[in-house]
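My request is simple: use the sequences and hints to build the entire structure.
Here the protein sequences come in this chain order: A and B. Using full-length UniProt numbering, read the first sequence as starting at 1 and increasing by one per residue. Using full-length UniProt numbering, read the second sequence as starting at 1 and increasing by one per residue.
By construction, these hints were calculated from the structure, which means they are not laboratory data. None of the values given here were measured: they were computed from a predicted structure. Each residue gets a CB set at the ideal place from its N, CA and C atoms; glycine is no exception. Check the hints yourself; a few may be wrong.
[Unchecked claim] Sample of chain B residues facing chain A (criterion: CB under 10 Å; computed from the structure):
| hint | residue |
| --- | --- |
| 1 | Asp58 |
| 2 | Gly82 |
| 3 | Lys216 |
[Unchecked claim] Quick list of simulated restraints, FRET-style, between CB atoms:
| hint | chain 1 | residue 1 | chain 2 | residue 2 | range |
| --- | --- | --- | --- | --- | --- |
| 4 | A | Lys207 | B | Asn230 | 26 to 34 Å |
| 5 | B | Arg165 | A | Leu103 | 33 to 41 Å |
| 6 | B | Glu148 | A | Arg76 | 25 to 33 Å |
| 7 | A | Asp218 | B | Asp27 | 53 to 61 Å |
| 8 | B | Arg165 | A | Pro14 | 33 to 41 Å |
| 9 | B | Glu148 | A | Asp218 | 44 to 52 Å |
Number of protein chains: 2
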Amino acid sequence: MLKEILANKENYQPGLSIDCVIFGFHDNQLKVLLIKTKYSDKWALPGGFVRVDESIDDGAVNVLKGRTGLQGIFLRQFATFGQAKRNPVEFSDGVLAFYQIPLVEGQWYRNRFVTVGYYALVDFLQAVPQPEGNNEIVEWIDCNAVPELILDHKEIFDKALETLRMELNLVPVGYNLLPEKFTIPELQRLYETILGRKLDRRNFLRKITSIGILTKLDEKKSNVAHKAPNLYSFDKERYEEVLKIGLHQGW
Amino acid sequence: MLKEILANKENYQPGLSIDCVIFGFHDNQLKVLLIKTKYSDKWALPGGFVRVDESIDDGAVNVLKGRTGLQGIFLRQFATFGQAKRNPVEFSDGVLAFYQIPLVEGQWYRNRFVTVGYYALVDFLQAVPQPEGNNEIVEWIDCNAVPELILDHKEIFDKALETLRMELNLVPVGYNLLPEKFTIPELQRLYETILGRKLDRRNFLRKITSIGILTKLDEKKSNVAHKAPNLYSFDKERYEEVLKIGLHQGW
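As structure tokens, this is what we get:
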């Protein structure tokens, strides 16, 4: 892969890469999609390079597809990382050595790369990586047990998680992450899982219902021992509307 | 300037630029710092290139200083722009022709540039551009009367303004933009000016006081015909704290 890119390096944006932080939720677990690198003991975010003739947004979609086989995921740009020595030349040289690429051929890869971060939140049971070609190990790993990552990938992951948590204050989440019919406690656990902390039940109920995105169904959850909780669904039209205008009309 | 950069292009990050959207507030006016380009009838955001040995954040500070003489302004990265043809080669060739640089010497500049956007909000009376060297025309221009801009600079400006308005929901503003002692109506007009719309007086009063960043002074505004309004100042300690934790503790 790197060899092919180096052979066609004039087609790629120099000194620029893409890194994707794909969060996966299911059943009160928040995971992140990581790749086991072949050239080191550490894991990495799925990343890659952008062609000079494609937008960075399209580049991000293609990088994710190329490295993990995942398609149709809506990626949001969240930050660009450009520390002076974010990819030390020792690191690049190690990768080149692993792929048996002579330094002179790998010069393009030895420069400083600025990387644009993209993130997404999906249901990890609906987004099963099917690597095409290079058979990398791609895994959903619990966000509370992220192993050591290459370069500044931990910083990129942390910033993405911070952005995701901040976004909870601005836009609703849950659509496509919960079953069609769900209970308020299930929705609360989704929020708690993303935030990494417990929420007050009454406060949550008050705030979430005030947004007006929930439809109370004339049904209770079955298979529950005592006091069956009510089922809800998202009012899709209103949900889309709130996505656009934001949760806080603010001032 | 461009000539010097091209002569030392190996010291600059290829295909990457910085653009700064510096908003200036004073006396209920919101302005933006623009540069009158020499090579076209259009105006531009102050922008430039990043050295390979500096971080993009430091690069942004240096670009702003180099183009406008402004220093000590806290810049926040807000988005990166990378459409496939965001800087058409016809544009680059026009600039090279203006500076009488042969195409073969200007090859570096003819490629697609991805640009990282930074923004800031300052008091435009406190931030007077003192161009060093190349004597560009740098002006504070009303945000409601932005002239035609080069390339995708209008899109970058719009995104920065959208981000600034969104940030009003997340962090307090006003410190360093209002006199030390101010009235609630003055603070409300600051918010209205940034948002570009009127706010309900009672709602604003309720929300702004609930944050707890204001200290009500034992003083009334003088030189006011009737019913003098109370004066307030920011509780700096609490203001800094809220800046850190955010306005909405959210869920």
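Verification of the supplied hints:
The criterion of a C-beta within 10 Å of any C-beta in chain A is met by B/Asp58, whose closest approach is roughly 8 Å, and the hint holds. Because the closest C-beta pair between B/Gly82 and chain A is about 3 Å apart, less than 10 Å, the hint holds. For B/Lys216, the interface hint is violated, the least distance from its beta-carbon to any beta-carbon of chain A being 20 Å, above 10 Å. Checked against the hint of 26 to 34 Å, the C-beta distance between A/Lys207 and B/Asn230 comes to roughly 32 Å, which is consistent with it.
Hint check: B/Arg165 to A/Leu103, Cβ distance near 49 Å, so the stated range 33 to 41 Å is violated. Between B/Glu148 and A/Arg76, the C-beta spacing of about 30 Å keeps the proposed range 25 to 33 Å intact. One distance hint, 53 to 61 Å for the beta-carbon pair A/Asp218 and B/Asp27, holds here, with the actual separation near 58 Å. The hint said 33 to 41 Å for the Cβ distance between B/Arg165 and A/Pro14, and at roughly 35 Å that hint holds.
Range check, B/Glu148 to A/Asp218: Cβ separation about 57 Å, and the 44 to 52 Å hint is violated.
Of the numbered hints given earlier, the model fails hints 3, 5 and 9; all others are met.
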